[in-house]
Structures are given as C-alpha cells and as structure tokens.
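Q: Okay, here's what each chain looks like letter by letter:
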Amino acid sequence: MSKPGQYPEALHHIIACFSRLPGIGRRTAERLAIAIMSWPEEHLADFGTALCELRQRVHPCAICGNFTETPTCAICQDETRQRGLLCVVEHASQVMALENSACFHGLYHVLGGKLSPLSGKGPDDLRLAELQERLRQQPITELIIATSPDVEGEATAHFIANMLADLPITISRIAAGVPVGSDLNFADAATLAMALQGRRQID
Amino acid sequence: MNCFIGRNGQGKTNLLEAVYYLSLLRSFRTSRLADLISWKKNGFVLSGQARDSAGRPVDLAVSQGLERKLLINHNPVYRASDFINQFVCVTFIPQDLELIQGDALLRRRFMDIAISQSSPGFLRHLQAYGNALKSRNAMLRNLDKYPRTMITAYDCQMIREGIAVELARKEFARDINQSLEEKSVSLLTAERRLEVRYLSRLSNLLQCSDDDPDQLEATYRQGLEKSYERDCRYGYTAIGPHRADLSCILDGNLLNRYGSQGECRIASLALRFACLDIIRRRRGDDDVTLIVDDVFGELDAFHRRHFFAELTHGSQVLLACTAIPPELGRPDRLYNVSAGTLSSPQEKHEEE
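Protein chains in written order, with our numbering: chain A, 1 to 203; chain B, 1 to 352.
Calculated directly from the structure, the hints in this document are not laboratory data.
The structure displayed is predicted, hence computed values, not measured ones.
Ideal placement from N, C-alpha and C gives every residue a C-beta, glycine not left out.
Wrong hints could be hidden among the right ones.
[What the hints assert, rightly or not] Here are the simulated lysine-lysine pairs, BS3-like style, with alpha carbons at most 27 Å apart:
1. K41/B <-> K69/B
2. K121/A <-> K134/B
3. K226/B <-> K145/B
4. K40/B <-> K69/B
5. K134/B <-> K226/B
6. K121/A <-> K145/B
[Stated by the list, open to error] Partial selection, computed: residues in chain B whose CB lies under 8 Å from chain A:
7. S63
8. P120
9. N131
10. T152
11. A153
12. Y154
13. C156
14. A339
15. G340
I would like the entire structure built from these sequences, with the hints used as guidance.
A: Okay, structure coming up:
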C-alpha cells in the first residue's frame with residue numbers, strides 16, 4: 001500500500017527510472033511515466049522487450065567501438081571506405097553525427113570518453129591500447145582527433161598525439177570556429193577567438 | 001544619486017546585495033548560496049530592469065529554488081556567462097578593507113571580477129585555467145593511476161590558459177597604476193603615492209620574455225618541470241596565476257604591514273575608483289552602477305568630501321547609510337528603508 005500523496009509503488013519505480021536519464025527532472029519523469037500508463041498493451045510489451053533486449057543485441061564493435069549488432073560494425077566491414085584515414089571520437093553517438101554529415105569516408109575509433117581526472121578517467125579507462133594496436137596492424141596514414149574543444153578534450157588530443165609521435169603517420173586536430181550558415185552575431189567570444197586563430201588565406 | 005536611509009538591520013545592505021547579484025550572480029558578502037536565502041525558505045526571486053548602452057530597457061530575473069533559472073527580457077538564458085554584466089556594478093563596501101588587509105585570494109578575486117567586467121573573453125580563460133589546475137592537482141594526488149604523460153598533456157592546456165590569465169592581470173595592474181597616477185584619485189592627497197604590484201612567481205619567470213608568446217610558453221613549461229617533484233610531494237601545483245597576489249604600496253611601504261586603518265580604507269577606495277576608471281575606459285561607456293554601503297565612517301572630513309566629489313562623477317549611485325553625511329549635500333532621490341520595505345522616493349527638485 002502506498003501512502004496518500006504518493007504514487008503507487010510500481011508507478012513510483014518507473015518515475016525513479018526515468019529521472020535517472022540525462023536531462024530528465026522529476027516533473028518530466030512523472031509526465032513520461034503517466035503517459036506510458038495510457039499506452040495500449042502491445043506498445044507497452046514492445047517497449048519492455050526492446051529495453052530487455054537492448055544490451056543483448058547492441059554492443060561495441062570489436063574494432064572501432066561503434067554501436068553494432070554484429071561482431072564488427074557496418075563501417076568497419078565496408079570495403080569502400082578510405083582505410084588510411086582514421087577519425088578518433090569520444091562517443092559512439094558522435095560517429096552517427098559525422099556519418100550523417102556524409103563528408104567523411106574513412107574509419108572511426110571510439111575512445112569511450114576523454115581523459116578527465118576530475119571524473120576519475122585515466123588512459124586505462126579509454127580505448128587507447130586498442131588504438132595503438134590498430135595503428136600497428138592497419139595501413140593508417142592519417143589520424144584525425146575529433147575530441148571536444150574543451151580543456152579535457154584538448155588534453156586528450158595532446159596525449160594521443162604525444163603517445164603516437166613516433167609512428168610514421170600524420171596526426172591532425174579538427175578545426176573549431178564559426179558554425180556554417182550561422183551569423184557571426186550568434187557566436188560567443190571564445191568561438192570567435194578560435195575562429196580568428198584558425199583563419200586561412202583565401203587562394 | 002540615490003540614497004537609502006534607515007536604522008541598522010532594516011535591509012539596506014540586502015537591497016544593494018540584490019542589485020549586485022543581478023549584475024554578477026554572486027554576492028559581495030558571501031559565496032554561500034544558503035546565506036542569501038531567507039530563514040526557513042527554499043529559494044529567492046530577484047527581478048529588475050537595467051538599461052543597455054543604448055538606453056533600451058533590459059529586464060533581468062533570477063529565480064533560485066532547487067535550481068537556478070535566469071531570464072533576460074523574459075527569455076530563459078542557460079549560461080551564467082550570458083547573463084552577467086548586463087549592467088556593470090562597482091562596489092564600495094565595508095569589506096573592501098580586506099582587499100588591503102586580507103588574504104591574497106580576495107585580491108585575486110578583485111582583479112578577476114574587475115577584468116571580467118571589462119574584458120568579456122577573460123572569464124572563459126579563468127574557468128578553463130581553474131579546470132586544468134584542478135585536474136592537474138587531482139592527478140598529482142593519484143600518481144599510480146595517472147602517468148606523467150597525461151599530466152604533460154594537461155600542462156599544455158594549463159600553460160595556454162594560465163598565460164592568458166597572467167597577462168590580463170598584469171595589464172590590469174598596469175592600468176590601475178596608470179589610473180592612480182593620472183587621475184591621482186583626489187582621495188589621496190597630492191604628495192602621497194599609492195601603487196600596486198602584481199606579484200607572482202610565474203611573472204618573475206616570465207619577465208625576461210614578456211612579449212614573445214612562444215618564449216612565454218617555453219619558460220612556463222620549464223617552471224612547471226622544475227617544480228614537478230615538489231608538486232608531486234605536496235599534491236599541489238606551486239606556480240601559476242592561482243598563487244599570485246596584488247600588493248598595495250603607499251609611499252614605498254607595504255600597506256598591509258605598515259598602513260593605518262584609515263590609510264588602508266582610503267587605499268581600498270582608491271583601488272575601487274581606479275577599477276571604475278578602467279571599466280569605463282575599456283567598455284567605452286560611462287554607465288556603471290556604484291554600490292556604496294556606509295564606507296565613509298572611518299574617513300575624516302577632508303577625505304569624505306573628496307570621496308563624495310569623486311562618486312558624483314556621472315554614474316548612477318546607490319548609497320546606503322544611517323544618516324546623510326553633511327559632505328554629501330542633497331541626494332537626487334532619498335528613500336527610507338524600514339523593516340525591509342522602501343518608502344516612495346523624495347525627489348530633490350520637489351523641495352527646491
């Protein structure tokens with residue numbers, strides 16, 4: 001029995017589950033849970049099965065760390081990709097973002113985060129050994145480091161560049177600056193400073 | 001000139017604090033959020049209207065409950081850095097005495113707030129530096145987990161941001177001195193000479209290579225390398241802008257050691273006026289709100305006269321006191337503050 005003024009235990013449980021998600025506060029969690037209550041039975045069953053199966057079916061790609069349902073992901077299997085080009089990102093979701101841009105045809109390597117002593121993440125917590133192994137075994141000529149442009153992301157980029165300095169490959173860092181199609185007025189001071197620093201000559 | 005009069009404990013300072021909070025999202029009295037909230041309440045709401053440099057009204061609102069919400073012209077703003085400094089405040093408060101006599105931390109904060117009020121990009125560097133420093137110290141305390149190479153990778157970030165902070169502060173100290181000399185803020189009698197000196201081990205290291213950024217970076221890196229062993233032992237980074245200080249010197253003597261209470265008070269006011277001068281010059285805009293909370297009690301009649309003369313130079317002034325000091329003359333608007341409420345203003349012209 002739940003006390004007056006409290007949701008029944010099962011509903012309360014669902015609300016607690018939702019509020020663990022990023023960006024979901026207590027209010028939103030309540031709204032989501034109550035919306036789910038009114039779903040038809042088969043939708044609910046479908047949702048439940050999908051949740052249960054999620055971790056059984058989707059796992060990191062054995063090579064790059066991207067999400068996949070097969071041992072290696074579709075990108076790693078794709079013979080038409082430029083196999084000399086490797087882009088390092090923090091999270092698998094960023095592979096999706098880059099893929100949707102359809103402007104990169106190389107391969108990826110997902111680190112699983114960035115070096116961050118304040119959240120207890122050191123080199124052993126990222127997929128760095130796997131990266132070194134790949135560079136030994138695969139004919140990669142250029143490594144593009146696409147970690148985020150904050151202190152941790154920059155430090156991670158530096159760390160990787162130093163770690164691989166002896167290898168005969170080009171190591172580059174993605175540029176940072178004004179978003180395309182946007183107005184200079186909307187860019188903040190730090191972005192503008194970076195954009196000015198990374199300016200290039202018009203040829 | 002707006003004057004708030006009331007007995008002790010009626011809420012004058014609280015009102016000034018609210019105005020300051022709308023400008024900087026912090027109090028000049030405390031850094032603890034709980035200290036800003038009424039007893040037995042869960043939060044507070046503040047709202048006010050400022051004017052931008054073109055004179056257009058800007059509505060500002062803060063509501064602080066379990067989380068903080070910021071609104072500019074009724075639209076939510078998510079980053080504090082986008083909210084602050086919609087209007088700029090300079091304070092003259094009793095605690096300013098600590099600028100001279102207190103911990104170096106307070107002088108670093110004084111510099112950092114003043115610089116961020118006048119150079120918008122500075123805050124970002126300061127935050128990034130703080131983040132890199134905290135990360136480095138965390139690594140120094142757990143050397144089994146974090147290899148030297150990772151500390152080196154963070155050093156690069158720390159050096160880049162540290163140099164930006166250091167140079168901005170040195171420039172600020174230079175500007176303060178220039179301002180103290182040129183305007184020789186009339187508070188100080190002509191024959192007395194007040195100056196500040198920015199002190200930091202890092203600056204000593206960097207002195208020889210002031211202008212060349214590559215040279216600065218190399219020197220900074222050598223400094224970090226040299227103190228690495230020591231840093232590991234203490235789990236703390238020994239050099240950098242976080243250890244700097246700004247010492248105040250009156251006629252060649254360190255004020256915090258040799259200054260009288262009155263001299264320290266005068267110097268703290270002079271620093272604030274210099275700071276005001278810098279903010280105005282850098283922003284190219286005279287609109288600064290001056291918050292004055294009963295700081296003239298310790299001044300003699302001569303200094304008081306000069307203080308008020310200096311104050312009335314053009315800005316909006318919010319001044320709280322228990323009685324109007326005779327040197328002030330008649331304020332433009334006079335409010336009575338009693339038990340947390342404000343009387344309607346008495347305007348100057350009505351009675352003249």
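Q: All hints, please: hold or fail.
A: Status of each hint after checking the structure:
no., hint, verdict
1, K41/B <-> K69/B, "holds (17 Å)"
2, K121/A <-> K134/B, "holds (14 Å)"
3, K226/B <-> K145/B, "holds (22 Å)"
4, K40/B <-> K69/B, "holds (21 Å)"
5, K134/B <-> K226/B, "holds (19 Å)"
6, K121/A <-> K145/B, "holds (9 Å)"
7, S63, "violated (15 Å)"
8, P120, "holds (5 Å)"
9, N131, "holds (5 Å)"
10, T152, "holds (7 Å)"
11, A153, "holds (4 Å)"
12, Y154, "holds (5 Å)"
13, C156, "holds (5 Å)"
14, A339, "violated (36 Å)"
15, G340, "violated (32 Å)"
Against the hints set out earlier in the document, violations occur for numbers 7, 14 and 15.
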